[in-house]
Amino acid sequence: MGAFLARRLAGVIPVIFGVSIVIFMLIQLAPGDAATVLLGPQASEAAKIELRHTLGLDQPLVSQYVVWLARTLSGNFGTSIATQLPVATLVVPRFLNTLILTFGSLVLAVAIGYAIGLFAGLRSHSLFDRLSMSLALLAGSAPPFWLGLILVLLFAIQLRWLPVSGMQDMAGNGGWLDVLHHLVLPSVTTALGPAAIMARIVRSSVIEALGRSHVRVARAKGLSRATLIRRHVILNALPPIVTITGLQLGYLLGGALLTEVVFAWPGLGALLYDSITARDLPVIQATTLLIALAFVLANIAVDLINAALDPRLREA
Amino acid sequence: MSAPASLVVTDLRTRFGSDRVGATVVDGVTFTLLPGRTTALVGESGCGKSATALSLMRLIDKPGRIIGGSVTLNGRDLLGLSESEMEQVRGAAIGMIFQDPLTSLNPALTIGQQIVETLQAHRPMSRADADRTAIDLLTRVGVTDAARRIGDYPHHFSGGMRQRVLIAAAISCSPSVIIADEPTTALDVTVQAKILRLLHDLQGAMGASLLLITHDLGVVASMADEVLVMYAGRIVERADVDTLFHDPRHPYTKALLACVAGIEDDRSVPLEPIGGSAPDLWNPPVGCRFAPRCPVVQDVCRSQDQPLRRISAEHEAACILVEEDRMHG
Numbered sequence: 001m002g003a004f005l006a007r008r009l010a011g012v013i014p015v016i017f018g019v020s021i022v023i024f025m026l027i028q029l030a031p032g033d034a035a036t037v038l039l040g041p042q043a044s045e046a047a048k049i050e051l052r053h054t055l056g057l058d059q060p061l062v063s064q065y066v067v068w069l070a071r072t073l074s075g076n077f078g079t080s081i082a083t084q085l086p087v088a089t090l091v092v093p094r095f096l097n098t099l100i101l102t103f104g105s106l107v108l109a110v111a112i113g114y115a116i117g118l119f120a121g122l123r124s125h126s127l128f129d130r131l132s133m134s135l136a137l138l139a140g141s142a143p144p145f146w147l148g149l150i151l152v153l154l155f156a157i158q159l160r161w162l163p164v165s166g167m168q169d170m171a172g173n174g175g176w177l178d179v180l181h182h183l184v185l186p187s188v189t190t191a192l193g194p195a196a197i198m199a200r201i202v203r204s205s206v207i208e209a210l211g212r213s214h215v216r217v218a219r220a221k222g223l224s225r226a227t228l229i230r231r232h233v234i235l236n237a238l239p240p241i242v243t244i245t246g247l248q249l250g251y252l253l254g255g256a257l258l259t260e261v262v263f264a265w266p267g268l269g270a271l272l273y274d275s276i277t278a279r280d281l282p283v284i285q286a287t288t289l290l291i292a293l294a295f296v297l298a299n300i301a302v303d304l305i306n307a308a309l310d311p312r313l314r315e316a
Numbered sequence: 001m002s003a004p005a006s007l008v009v010t011d012l013r014t015r016f017g018s019d020r021v022g023a024t025v026v027d028g029v030t031f032t033l034l035p036g037r038t039t040a041l042v043g044e045s046g047c048g049k050s051a052t053a054l055s056l057m058r059l060i061d062k063p064g065r066i067i068g069g070s071v072t073l074n075g076r077d078l079l080g081l082s083e084s085e086m087e088q089v090r091g092a093a094i095g096m097i098f099q100d101p102l103t104s105l106n107p108a109l110t111i112g113q114q115i116v117e118t119l120q121a122h123r124p125m126s127r128a129d130a131d132r133t134a135i136d137l138l139t140r141v142g143v144t145d146a147a148r149r150i151g152d153y154p155h156h157f158s159g160g161m162r163q164r165v166l167i168a169a170a171i172s173c174s175p176s177v178i179i180a181d182e183p184t185t186a187l188d189v190t191v192q193a194k195i196l197r198l199l200h201d202l203q204g205a206m207g208a209s210l211l212l213i214t215h216d217l218g219v220v221a222s223m224a225d226e227v228l229v230m231y232a233g234r235i236v237e238r239a240d241v242d243t244l245f246h247d248p249r250h251p252y253t254k255a256l257l258a259c260v261a262g263i264e265d266d267r268s269v270p271l272e273p274i275g276g277s278a279p280d281l282w283n284p285p286v287g288c289r290f291a292p293r294c295p296v297v298q299d300v301c302r303s304q305d306q307p308l309r310r311i312s313a314e315h316e317a318a319c320i321l322v323e324e325d326r327m328h329g
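Protein chains in written order, with UniProt numbering: chain A, 1 to 316; chain B, 1 to 329.
Same shape as in the complex, but just chain B (with noise of 0.2 Å):
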C-alpha cells in the first residue's frame, strides 16, 4: 500500500426514483484504486456494477441521481464539481470502455474524428497534430495500417477493431483511471482474450488503474489483483485474486465459483445454480440481503444488516459467519 491511491469511492450511493418510492442500486459501495492494479468488481447482471461505474463518471441520467458519499480522483472530490469541471475530467483523467463496440461509435463519423475529438476536447492541438496522435493511438491498440484505416468509417471494422478504436479513444489523454465495464462480452471468444490482453498491456504500460467490471470470472481470474463481489448493490466481498477463488468468505462468492465449469471438473456432478432470484431492489429485503438465497442463513441475518467484516488486510466479506470462523478458528 505504499503508492498513493488514484481513485477512492466511500460510502456511494446512488437511487433511482424519489425518496419514497425507488431503488438505491449502488448502496454504500467502498472501494480504492491503486495505480498500475487491476480491480475487477464481479456480479450478476442488474446487482449495479454498470451504475457504480457510471456514478464515477457521474454519468447517471435522470430519474436517476447519487444521492451520497464521496468520489475522489487523485486528492479531487468528483461530486462536488460543477458539470463543465467535470467534462475536464471524463475522458482525460478517467477513460472508460463500454460493453458493445457495435454500437458505441457514432456511424457518421469516421474513425478518426471520434479519436481526435476527444485529443481536442482536453488539450490545446492543431488537428494535424492531433490526427498524427490518433495514429499513434491505434497503432499502439493494434490497428494495422492506421495512417490510411483513420478515414476509414465504423462500418468498415469488425467487433473486435471497433473495440480496439475504443479503446484508443479511451486511453487517448493518459487517464490514471480506466473504466472497462463489459469489455468483451459482445465479441467473439477468441478475440475477447486478444482485447483483454491488450488492456492488460496497455494499462501496465500506463501505470493506470483499472476497474474491470465484468460477470466473467474466468476474465477475474487471469486479469484482476483484486476482486469486489457485488450483490444488490452492495459490495459483499473484497479480496486479492488468489484468496478470493481459494478462500472465499461469503456464501454469494461460494455459490458464484460453485456456477463456473472448470475443464477438469467431474462431468457427473451438474453445475449448482444459486437458488431463488436476485431481490427486487424496488422492495430490498430487511438485513442481509442474500439472506432469503443463502444456504447458511441465521435468523439474526433476516433482521440485521450484515456490514464488511475484516478478515486480513486484503480480504473482507460481509457476513456473520466470518466472527463465527473467527471465535472457532
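So here's chain A without its partners, still in its complex pose (with noise of 0.2 Å):
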C-alpha cells in the first residue's frame, strides 16, 4: 500500500506541471490586455508600456512562466493587481470558506444520494425505485443557480426560515451555529445535482453487483440477508460509487462557483467569479491551480480507497 501511495503521488507532479502550464498559457491567449485594462482606455502608450515592464508582461512568454512558476514553488503567489494585497492572503481564507461549503453540500449529497441509490437498487423497478430516479432526474437537470434563487425565495424571503445569503451575520457575533443556519440553502443547492448523480450511479452498481455469481453462492450458503448485501453487494458495488464521489468532490470544491456568487458565500468560486471580473491574472493563476490542486488530490483520495477496496488493484 506504502508504495501505490508513492508511485500515485510522484504521478501528481506531472499532471500539477502541465495544469500550470495550462493555466498559464490560457491566460496569455485570452483577448484584451492588462495594462490597458488597469489603466482604462484613456491611459497613454508610454504608462502602458512602464505597467507592462512592473508587472514583467514585456519578457518573453518563457522566461515570465519560469518566473511565475519559481515564485509560486517558493510559496509566493504574487501581487493582486486589483487589491495590491498579498494573493495567499485573498486566497487562503476563501479557500477555506469553499471547503466548509464543499464539505457540507459533500455530506448532504452523499448522504441523500447513496440512501436513495441503495434503496432503488435493492428494491428496483419498484414504486420507490422509478419514483426517486425520476425525482434525481429532475434534481439533476435543475440548474443550481435557478434553483438557489427559488429556494432563497421560498425558505429565506416567504417563509423566513433561512438567511437569505452571506456566510454570518452582519449583526450578529459569528460563531459556528451562525455560519451552519448560513450554510443550509447554499448546501442544500450544490448538494443537489451531485445527490441525483450519486443515486443513479450507487443504484446501478448495485443492480450490477446483486447479479454476480458470487451473490449466488453466497446465498446458498445460508448467509443472511444483511451480511449478504453488505460483504457481497455493496463491498463491490463501491469502486464506481467511490470514483463518482472523488469527482463530484472536484466539481463541489472548483464548481460551486455559481452558487457562491447567488449566495453571496466568500468562496473560492465568489473570487474566481471577481478576479475574472477584474482581469486580475495573479489571483485566477493562483486559485485555478489550487482547484486543480484539489481537484487531483481528490482523485488520489479515490484510487486510495479503491485499492483498499480492491486487491486486485492493490497488485496492478
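Hints listed in this document are in silico derivations from the structure and should not be mistaken for laboratory results. Hints are supplied without guarantee of correctness; some may be wrong.
Across the chosen pairs, the derived CB separations fall in these ranges [what the hints assert, rightly or not]:
no., chain 1, residue 1, chain 2, residue 2, range
1, B, V189, A, A308, 55 to 63 Å
2, A, G18, B, A193, 54 to 62 Å
3, B, V189, A, S141, 37 to 45 Å
Residues from chain A that face chain B, not an exhaustive set, calculated with beta carbons under 8 Å [claimed, not checked]:
no., residue
4, G56
5, R212
6, H214
7, R216
8, G222
9, R231
10, H232
11, N236
12, L309
13, P311
14, R312
From the three backbone atoms N, C-alpha and C, an ideal C-beta is built for every residue, glycine too.
Put the complex together from the two separate chains, hints included.
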C-alpha cells in the first residue's frame, strides 16, 4: 500500500506541472491586455509600457512562465493587481470558506444519494425505484443557480426560516451555529445535482453487483440478508461509487462558482468570478491552480480507497 | 433401499411468469436421494436441470416461483419453512457447488473469509477456530500450503483451485446433501477428472447424497449410481447407471446416447444428432413433449401426456413403448 501511495503521489507532479502550463497559457491566449484594463482606455502608451514592464509582461513568455513558476513554488503567489494585496492572503481564507461549503454539500449529497440509490437498487423496478429515479432526473437537470434562487425565494423570503445570503450575520457575533444556519441553503443547492448523480450510480452499481454469480453462491451458503448485502453486494458495488463521489467532490471544490455568487458565499468560486471580471491575473492563476490541485488530490484519495477495496488494484 | 432417504422431491413444479403467460420449467419432478449415493441429473441446456437444483435450495429468483410439490430433507418440509429458517438449511444441510468457479468467488474477500463466513453463519465459532477449520478444509480439498494461502484473494488461484475452494465452503458444515451444478463444465479436461474424483471421495467419506447435474454422459458413467434423464422440465427416464447405458427405454435417452462418440466407434458412421429442437416451454406441445422429435412417435403421444411407467424397481421411463415391450416381451 505504501509503494502504491508513493507511485500515485509521484504521478501528481507531471499532472500539476501540465496544469500550471495550461493555466499560464490560457491567460495569455485570452483577448485584451491587462495594462489597458488596469489603466483604462484613456491611458497613454508610455504609461501602459511602464506598467507592462513593472508586471513583467514585456518579457518573453518562457521567461515569464519560469519567473511565475519559481515564485509560485516558493509559496509566493504574487500581488493582486486589483486590490494590491498579497494573493495568498486573499485566496487562503476564501479556500477555507469553500471547504466549509463543499463539506456541507458533500455530506448532504452522500447521505441523500447513497440512501436513495441503495434502496432503489435493492428493489429495482419497484414504485420507490421509479419514483426516486424520476425525481433524481428532475433534481439533476435543475440548474443550481436557478434552484438557489427558488430556494431563497421560498425559505428565506417567504417563510423567513433561513438567511438570504452571506456566511455570517452582520449584526450577530458569528460563531459556528450562525455559519451552519447560513450554510443550509447554499449546501442544499449545490448538493442536489451531485446527490442525483450519486443516487443513479449507486443504484446501477448495486443492481450490477446483485446480479453477480458470487452473490448467488453466497445465498447458497445460507448467509443472512444483511451479511449478504454488506459483504457481497455493497463491498463490490463501491468502486464506481467512490469514483463518482471523488469526481463530484472535485466539482464541488471548484465548481460551486454560481452558487457562491448567488448566495454571496465568500468562497473560491466567488473570488474567481470577481477576479475574472477584474482581469486580476495573479488571483486567477492562484485560484485555478488551487482548484486543479484539489481536484487531483481528490482523485488520488479515490484511487487509494479503491485500492483498499479491491486487492487486484493494489497489486497492479 | 434400507437407508432412509435424505432428500425426497415430489411433484415439484417451478414456473416463470404469470399463471396465464409463463413457462413451467420444472414440471412435476419426483426423485429421491439416498445417503452415500450419487444421482446424476442429465439433459440438454434449458431442460430445467439448474432450475430444479435452485428450487431445492429455494433460490429461484422472481419472476420465477415454486408453484407446487414438496421437498423433504431428512423428514423436514423445506417449502414450508420461513426465509430465515431456510437460510439455516442452505450451506448447512445442503451444500451447493456452481458451474463457473471463476465468477463464483467474491473478488474482494480472501479465500479464508469466504469459507469462514459459511462456518460462522451456521456454527457459534470463534474466528480463530473458524480459521483453523478453514485451513483443515482447504487441506482436505487438496489446496497445498493452506495456512498461508488462506489470506490470498481469488485472483491468485487457478480455475481448478477456485473450484476446490468452493467445494471446501460447500462441505464446511458437513451437509447431508451436496448439489453440484455442472461443477466441471468451465474447467480443463485434466482438471475436470481431479475435481470429480475429489467430489466422489469427499461424498464417500461424508456419507452424503450427491446430486450431480451434468450434460456430460462420460461424467455420468464414471460417477453416478442412479441417473435421472430430464427433458423439457420433466423426468423422462430413471434408472441405475448400468441399466441406463445398456437398456435405455425412452427414445430421448436413446437419442442422447447416440450423440456420444466412443473411442472404439466406427468413424465412418457419423454421430446422430437429435432432429428438431427442444420445445418452447412458454408454449409447450400437447401430449408427450418429445413427440415432435420422436422417431417412433405414435398418435396417442401427440394427444396424451405419457407418465413414468415402471419397468423394474430401479427403472422407469415415460414412454408408451414400455407398455408394448411388456406385452410383446
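Violations among the numbered hints, reported as their numbers in ascending order:
1, 3, 4
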